[in-house]
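Undergrad: One-letter residues, chain by chain:
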Amino acid sequence: MKDVLTIGGKELQNRLFVGTGKFADHKNMGEALTASNSEVVTVALRRVDMEGNEEDILNDIPKHMTLMPNTSGARNAEEAVRIARLAKACGMGNWIKIEVISDHKYLLPDNEETTKATEILANEGFVVLPYMSPDLMAAKRMKDAGAAAIMPLGAPIGSNKGIRMKEMIQIMIDEMDVPIVVDAGIGKPSEAAEAMEMGADAVLVNTAIATAANPVEMAKAFDLAVKAGRIGYLSGLGPVSTKAHASSPLTGFLG
Amino acid sequence: MSFYEKFEEVKDLPFEDMFQGVTGLDVERVLQKERLSEQDYFVLLSPAAENYLEEMAQKAHMLTKQHFGNTMQLYLPLYLSDYCVNICKYCSFSLNNDFPRRRLTMSEVEREAQVIANMGIKHIILLSGESKQHSSVDYLKECLQVLRKYFSSIGVEIQPLDQGEYEELFEHGVDGLTVYQEVYNEEIYRDIHVAGPKKNFRYRLDTPERGAKAGMRSLNVGALLGMDEWRKESYITGLHASYLQNKYLETEVGVSFPRMQPHAGSFQPKVNVTDKNLVQAMLAVRLFLPRAGVNLSTRETPELRNHLIPLGVTKMSVESSTVVGGYSEPDVTQSQFEISDDRTVKEMKELLKEKGYQPVVKDWQFI
Chain A
1 MKDVLTIGGK ELQNRLFVGT GKFADHKNMG EALTASNSEV VTVALRRVDM EGNEEDILND
61 IPKHMTLMPN TSGARNAEEA VRIARLAKAC GMGNWIKIEV ISDHKYLLPD NEETTKATEI
121 LANEGFVVLP YMSPDLMAAK RMKDAGAAAI MPLGAPIGSN KGIRMKEMIQ IMIDEMDVPI
181 VVDAGIGKPS EAAEAMEMGA DAVLVNTAIA TAANPVEMAK AFDLAVKAGR IGYLSGLGPV
241 STKAHASSPL TGFLG
Chain B
1 MSFYEKFEEV KDLPFEDMFQ GVTGLDVERV LQKERLSEQD YFVLLSPAAE NYLEEMAQKA
61 HMLTKQHFGN TMQLYLPLYL SDYCVNICKY CSFSLNNDFP RRRLTMSEVE REAQVIANMG
121 IKHIILLSGE SKQHSSVDYL KECLQVLRKY FSSIGVEIQP LDQGEYEELF EHGVDGLTVY
181 QEVYNEEIYR DIHVAGPKKN FRYRLDTPER GAKAGMRSLN VGALLGMDEW RKESYITGLH
241 ASYLQNKYLE TEVGVSFPRM QPHAGSFQPK VNVTDKNLVQ AMLAVRLFLP RAGVNLSTRE
301 TPELRNHLIP LGVTKMSVES STVVGGYSEP DVTQSQFEIS DDRTVKEMKE LLKEKGYQPV
361 VKDWQFI
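Which chain is which? The protein sequence lines are A and B, in order.
For the first sequence, full-length UniProt numbering assigns the number 1 to the initial residue and increments by one for each residue that follows.
For the second sequence, full-length UniProt numbering assigns the number 1 to the initial residue and increments by one for each residue that follows.
It should be emphasised that the hints constitute simulated quantities derived from the structure, not laboratory data.
Be careful, since some hints might not be right.
According to the in silico footprint, chain A covers these stretches of chain B (three or more CB under 8 angstroms from chain A) [to be verified]: (1) 60-68; (2) 243-249; (3) 349-358.
Keep in mind the model is a prediction, meaning the values are calculated, not measured.
Note that CB positions come from ideal geometry on N, CA and C, so glycine has one too.
Pulled out of the complex, with its shape left as it was, chain A reads as follows:
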């Protein structure tokens, strides 16, 4: 059976999304992106050189990938909307990852402002993927506002701590009928696999690849981990038990 993820009318075979920040150089970034087999890449508009300089980050992103510009730097809905429109105006397509951060200490997303921006941009025809703090009600509002997928954080961005928000994300996976992409906090391939085993539709990884000693090999590892986790999920994980069930102490008398 073909296992395809559809977002904004686009069919994706690969469930690993990748980021472009924090790499030591663009060439290495390009190689890692290729090695990841990913089809979706996020890039901060703030880093894009509008004048198309030869050192511009876009030059090293493989052409087959779907660009998902993000609104990094936006502190409220209004700024996010302006950044999104600029991205579209400079030919970066109509996908947008909304990132509204009004907290520079932990870089936690502002769900309320994110919802507002989602509504405005979805109405303008953008394929909107809001990055958010895992919260079911906020996710529902974002979906109602027109989000094409929801991107809850697994742990604070750049923390490499893994899926610390596991219970909240699990509830979102179980209850939401738009794709859930776990974004931020994933530090190891095994944690990407964990998110996929939980039933996440995709994961987005940046720091863990970009700051690895060997980003290209790490990108491959994440590709495999995401695939393994997905197959694990689809195959139906066996029930987890901490004890053997040799006997039935409470119902054994029934014979």
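Go by the hints and put chain B onto chain A.
TA: Okay, now just chain B, sitting in the frame of chain A:
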């Protein structure tokens, strides 16, 4: 509440005794922690922590890499005017220093902008002496109209302004504010700022807050190292940055460590701040405020700057001129302070790449 109240709580503490009281064990405990308190930060600035600089450096390097990645933002200062109404003992632009003053005309601003833009730089900081007449908000707004065509992020390091004035500048494209307190000791502050509006310690101390309230995206604070005991100065600088970070969560807060350099006039630093001291101050701030920007200017030598790159620095100035008109006319008038590292943007970019860093020239976009 302003930072002044916090400042008053700590300014008269017996710093010397308290720093001497810190033990190696205290330092080791702090190094085990993930989130540092103000007290922990104090411990890292102590003489006892000098024996743990390598451990601190390893941790600082790791944290910086985690939060900022393998990148280094590059920027340049652009001096607009050296007219100044203040008399300050340590500054070359001081009113009582006799030299031909200059303010750039709009065509000169454009020429400077073109030279800097051709160097491949997109983030700049505008500097001027303090003069309501020569570097008025209207003049700055005129300059911004020209500069916005060339740069994607523009900060200011000018005389302290009112919130409304910062709001005007913000609307015209200024996104960052740098204001150094110079010294967090009111007595020394009054002594070195002999005359002029800069004498007002409290107004200057509250300046970053006015900027934050006006919407500035980034704030940058620092003390001129060498004016007073550096451990205490660094401690209060860190408290100031932390206060701003907590109160204005939407604003990026950065810290600089400007060390006194030789300049015209007879004033010399009161305290000798060694390379080792500077490194300790930088590392302590990185561990205390893992997401704060740390800036490194060309005041420091190329050798030292090379070593400091992996120790928590996130932004570096390069190929800087501290002379009004100095980019398009390399041999004119007087500099504010001497530059120690005159390597070109190209050379710095190559060096950063060699060290495994991506030189970032653009990290914001006027929206």
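Undergrad: Look at each hint and say if it fits the structure.
TA: Results for each hint:
{"no.": "1", "hint": "60-68", "verdict": "holds (count 4)"}
{"no.": "2", "hint": "243-249", "verdict": "holds (count 3)"}
{"no.": "3", "hint": "349-358", "verdict": "holds (count 4)"}
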